[in-house]
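> Using the supplied hints, reconstruct the complex from the two chains, each of which is provided in its own coordinate frame.
If you read the sequences in order, they're chains D and X.
Heads up: the first sequence is residues 1 to 354, going by our numbering.
Heads up: the second sequence is residues 1001 to 1543, going by our numbering.
Some hints here could point you the wrong way.
[To be verified] Within a straight-line C-alpha distance of at most 20 Å, the following computed EDC-like cross-link-like pairs (lysine to aspartate or glutamate) qualify: (1) D/Lys162 / D/Glu120; (2) D/Lys31 / X/Glu1287; (3) X/Lys1506 / D/Glu167; (4) X/Lys1199 / D/Glu302; (5) X/Lys1328 / D/Asp305; (6) X/Lys1382 / X/Glu1335; (7) X/Lys1110 / X/Asp1147; (8) X/Lys1127 / X/Glu1107; (9) D/Lys138 / X/Asp1487; (10) X/Lys1506 / D/Glu168; (11) X/Lys1256 / X/Glu1213; (12) X/Lys1299 / X/Asp1217; (13) X/Lys1318 / X/Glu1297; (14) X/Lys1506 / D/Glu120; (15) X/Lys1390 / D/Glu302.
[Stated by the list, open to error] Label-pair ranges, simulated between beta-carbon atoms: (16) X/Thr1306 / D/Asp80: 24 to 32 Å; (17) D/Asp80 / X/Ser1277: 50 to 58 Å; (18) X/Trp1038 / D/Asn287: 53 to 61 Å; (19) D/Arg65 / X/Glu1366: 35 to 43 Å; (20) D/Arg136 / X/Thr1111: 55 to 63 Å.
[Stated by the list, open to error] Output of the computed footprint for chain D on chain X, the stretches with three or more beta carbons under 8 Å from beta carbons of chain D: (21) 1278 to 1292; (22) 1336 to 1346; (23) 1419 to 1433; (24) 1482 to 1492.
It is worth saying that the hints were derived from the structure and are not from the lab.
We put the CB at the ideal spot given by N, CA and C, even for glycine.
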Amino acid sequence: MKFFPLIFSACFFALSRAITDIGMQNFVKGKTHTNNWAVLVDTSRFWFNYRHVANVLSMYRSVKRLGIPDSQIILMVADDMACNPRNPRPATVFNNAHQHINVYGEDVEVDYRGYEVTVENFVRLLTGRLTPSTPRSKRLLTDDGSNILIYMTGHGGDGFLKFQDSEEITNVELADAFEQMWQKQRYNEILFIIDTCQAASMYEHFYSPNILAIASSLVGEDSLSHHVDPAIGVYIIDRFTYYALEFLEKVTPGSKDSLAQFLQVCPKRVCISTVGVRRDLYKRDPNNVLVTEFFGSVRNVELFDHVLDIPVCGIDVVGSEGNKTIDKTLTDSPGMKKRGSFVYAKQLPIHRIS
Amino acid sequence: MGSDSDDAKEKDMDSSREGAWAAAGFAVVLVIVGLPVWWYTTTVYRAHLPYSTIEDLSHQLRYHGISLSVIGAPSYTFSEDLEKHLKSSRSIKFYVTSRQSEKNERERLKTALSVEELDEKMSAATKIVTGTLALFILPDSNSNILDAADAKIVVGRHRNVYATADVDMPTLTSLLKNMVINSLANKKAEGNKVLHDLKGSLRKEAMRQVPTEPGYDVTLTLMIPEPHFISVAWNARKAVEDYLKPFVSQLESITKISIRSQVLYMTALSVSPMWSSSYKHFALPQEQLPLTINAIEAKLGSYVRTRPSLHFVVYIPKQDQSPLHIHKSDGTPVEENSFMVPRWGGVMIHNTPVPEANASMPYDVELDTHWIMATVLTHLQKLLPVPHIKPSEGVLVLSASKSCELTGWELDGLARARVSSYLANIRITLQSLCELVGEISNMVISDEVGGWVWGAVEEWGECLTATREGRLKEATLYCSTSFIQADAAFFHPSMLALLYFPDNQKYAIYVPLFLPVSIPVILSLKVVFGLYRKRTPIKIKED
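Pulled out of the complex, with its shape left as it was, chain X reads as follows (with noise of 0.2 Å):
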């Protein structure tokens, strides 16, 4: 077409003339049909996603609130002081109310003998809800109770706590402090902090503490180096059942834990222990102890489930091996023969009596179920950060009673401690994603991957109210389904769809594709416009 025109001379105007309309014609159906088609198909698919409301609910301040209710407070001076001291922090925020204590409340003191009974008939008469504390204020004449106890401070075993009116106003907010959430979670609620700016005692505890994550799977592993010289009866399930499940199910509403537990035999640990002559046991040097598990972690079993898996070992000593006891740097014997592994689990070493000399092979060995059980629960409310109050004078902590359970405060203030690395992950999630869509211009957002991302946000502002109304109950769950939709959103298989089809790759497609056609439409046009400019001077010659 273009040759065409070219071959047109001003001799033969009609034809130029055909010829400039057919030129025109090419250009204007590949500007208007070409253009938008190829704009079309080519543009990378993008869902709306709610940026303002991601940048709002990233500025948005992010508390605790906590609802403290005073009772029997000896004076309004006293709750107001109360209220004072425990302004300073800025992610947890009291609520205090006061009031005076109900006539039932004062029969009950009266007859509570000691502190242990005080606390079950006092958390009997008042229900103290989930996300909430209480502090009773007790009378002088019933303040005999501490005293016996030898406490100015008694913290129950659901959300009380007790004190006198003559107590000491910065140790009984601190106390309240640490109950209600660990100094780490405070800080991760501030800001987004990673590892490297972390300093001392904060960074150990990032380190340790396992990701916050819907789920763990648990593993306990029974070693067994030398079946052939000892034979096991250790029933695992019961031990989980008795142990691990009344804590696993008073978990359940913040985190799903599955446990599974195996035997490994032939299997041993990679150490190499010295006998220490003064101690009249084999001696492994806590220097060893970082690269024991390497070993056997390919043994340990995979995992269908992607899950953080935790794993927690019982280690049965090789017979030319044992007694084996784990030696401090400084050469003394640690006194519960385990170790923890931040992030991973424990390990646990048994030791098992030395048979008689003529015994038959393999003998049986009965293991300590309470020891290794009472370790694996340590190491897991280590690994899970449970609120700890260090032990301090005057302040006496009431473990829950009679059995493996948390109590009230410690699982208010692990869930408190998830909301609060929840609420980081899901701003980082989010965030991130917006920054990547914006800074990566090939990165697809599928129907299904603006749907997470709206679900994650809405879920997620109803959490950062409920956290700081104090609803923890709601707050958890909010939390939890809007990490699981923005990490959905974020891990998307789609997301990668055209990533990596970079800008300069284009080109080298799109100008061979473009360049045979749009060149001759080119030159065409140049034959359009020359036409027209020839026409329009010889019109002002007419005029």
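In isolation and in its complexed conformation, chain D is listed as follows (with noise of 0.2 Å):
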């Protein structure tokens, strides 16, 4: 990846927000998840690729923020900048040199971490071929109805991504790996974003349905980095992300914006290289999808005027043999039946507080 010299460009543009609340009710009704989930990685270490870190982490932050929930997300981090000897100001990762944002907030729950970001983890983890062992937390448990956002980023080539320093995911892999989580109707849609030199090489040859696909760059095009902290002593972000994460942090859970707007985020004159999108896979119209569709976890809620006309139960006292089923936690309270209530200890200050 080449780096520019460009420092700290001031040329906010103006984000186009033309779309009214007419069109919510449509979106609302053209919904067709249930759930969100988030697959971020960032593939490369080393203290020079700070900003890889720093983009992931930007992502992280936003999806949080908008409400994918820490165990709907896979957070690939392959270095750890933020408690890295070299960081002038620790457990910090800002996404620009003037420290606006920092992206590393107040808890940060990496799945999988330095040398377990892999290949074959990552298409592991894509294809639900784990070990019977692996946690809970490092799955993608995810089903028909469930929306990914995959962000990844680091340091790409024609047809691959490089992962750590010692290998290579390619394309072809990534789009069978799609295919695989497709006819296992593990994905309803999937948004595919990737910040890599020569980054559009990556989405070639998927060829399951539903999936868009966002690249920093077109074959052919270096993906360019933003500016240099001169206190860290490198790059901090990369453009691409640095622009996405700007529209991002105006975006709030109950927002219209549309991922039409998403993919105008980072134009040319201030991302240098092309972003690059593929839509024939994609049956929606990005116009009428919202950008929280995928970065943010805006449930279904059903509401019932009436609950089960059922009697009372427990009077006559039901038999007590065949216990099997109710879980241990219920019983481990043999106290429950005497403490008529809870009492609180004096050292305790909650009280005074409020």
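Structure follows, in structure tokens:
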């Protein structure tokens, strides 16, 4: 990747927010997913790749802020920049030299870290072919109603993305992995975003339906970094992600920004590379898709006016044998019956605070 | 060796012949030993899979056979007419048998005073097995029981339906069809439908139901954001035992549900309700609900098991927000102060009485267990597709007596819907496995995976037969084992062993490996051929 020694150019561009409230009802009606997942991958390590970690944490920050719970975010970070001894501001990762946004935030739950970030683990995660001992937090437990945001960043070339310093994932493997997910009905729609050099080559081979792919650069182009932080001494974020984050910061869980607006987030004059989009696999019009359908977690809700008319149970004692299905957690409080009310210890000053 | 034979000149025929033999020897060794060894060591191991059986089974007709016995039909034409009306569906097939009522049945009919009593007596008289239905046609002398209940058709608590001889046939048949299976499961049985293809209410239904899996984890969470004001005494264990345990143990043969409970302190839902002066409570508009659970989701705990989990949250509102009521989009409060999140669970807002002015904190509060558990059961029945009959005129549905259990036909309907869903899943899994194996040549199929697949296919076939024959219990059993095996095969870690080793990389590895060996051999073979060609014209000259 080539670095452009352009220091933080102040060309903030006005985001076109033309979409009005009219479309809202249609959006909700056209909603096809029931839950949201995010797979965020930073594939490169070492201090000089600080910006890739900042990239992936920017996305993490956004999806978490917009409502995807940590249990549904798979974060793969190949190196720990926040705790790197070279970091002049420990436990922080900033998206710009003026420390506007600390993308490391308060709590970051990294699911795959350091040398766990491998091609094999990534493909296993996508295809679900994990060893039985893999914990739930490291699994992509999606179903046919899941919208998945997949964001990747690192050093890429024509047709591959480098993982760590030793291996790379090719576009064919990635396409095959998506096909296997589709065949098993493990996603509803995928938004694939990749910020790397020649990024468009990574989505060339996709053949599974309902994938919208966005790449920070076309084949033959380099994806460029945004600016250097002199205190850190390296480039701290990539251009595409920088502007994407700037856009996402303005999105709130209830806002109506469409995916079409997100596609315009980094025009060539600020990105320098051309943002590539592959739409042919995606059936819906990005104008009618909300950004929060991928970056947020807006649930469906149903209200009922009546509950089941069941008689009051438990007056006649139900036989207590066959207690197998009720877990032990219920039974481990023997003092439950005796204890009428909870008493709080005096030393807890809770009552004085509020 | 190649250079040796290159040096050989015609003058020394012997040495050149020797060289040629040597070259030929190398070539032969390379072809006879080298190639097979290379082939054997680099082929992807693939256990034999029953491709054709999978193909056969996926095209087999899928319908649920249900035997329906008509008892006491007034005439032969009645049951024939019924059969004709029941025929329209592709995914259900009724086997109608007809018989006259027996003596003891007639006696019981006469003594029954109400429909409840009638149902109780009749189901005691005739045992109707799982997966079947019985339709009792009441003689005219007894039809006054139904009239008293203001109904033309009565659905019993087990697997009985009562009607009079002059019943409206389309109403009866559509009722029977709805009882047997819900419309979504119907669609699933017909073909491979993804969410995108479904429309309207079917899509809503599909988006609501939890994926069909062998087991579920249910967590009951009591959220007390201000434990310093409110001290809640709620015996969750007793509530679960009283209300959920009968339900869970009833479902034992269909699905395993395990229940846990927890109390979460100092955590509030992220809501910003507004004071509604007309209703004298805080109004939580419906528009806020989709985002309410996001904030607490991380705190609801993590699970060891990977099977689907359902959450039911009982929320005690904060003091400065209570009483809190959910308002519909038209501004009216929701009668049951709760909402359901499809495929996730439900949230109930439990208001507590306002303490007296000088009450000591924390003050004790009792929870309404009945309301909480009734709501949980309502949501749970919606999430698992328990069949539901829309209330219509002239149809009386008796709910299960005295407890929270499901009625016999509801249980059967749920089992059938799950069998349909399992069958669709198994087909998708095995077909896509076969397709992927064909498409991706590097996929290893170990013997273990092969074993899973063979097992799954066998059980699948059994399940299809059992489903068609209406043996619901067996079908459920076969389907769930087949599903587990098919999934185990599909998600087996070994399926990925050589996956990220595409063909272009193969050439990159093999070319440098084989080129240094094969170039000298090929070059020396050229010499051998040259020698052979030279020898043949000499022979012709001699002749």
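> Are there hints from earlier that the structure breaks, and if so, what are their numbers?
Violated hints: none; all satisfied.
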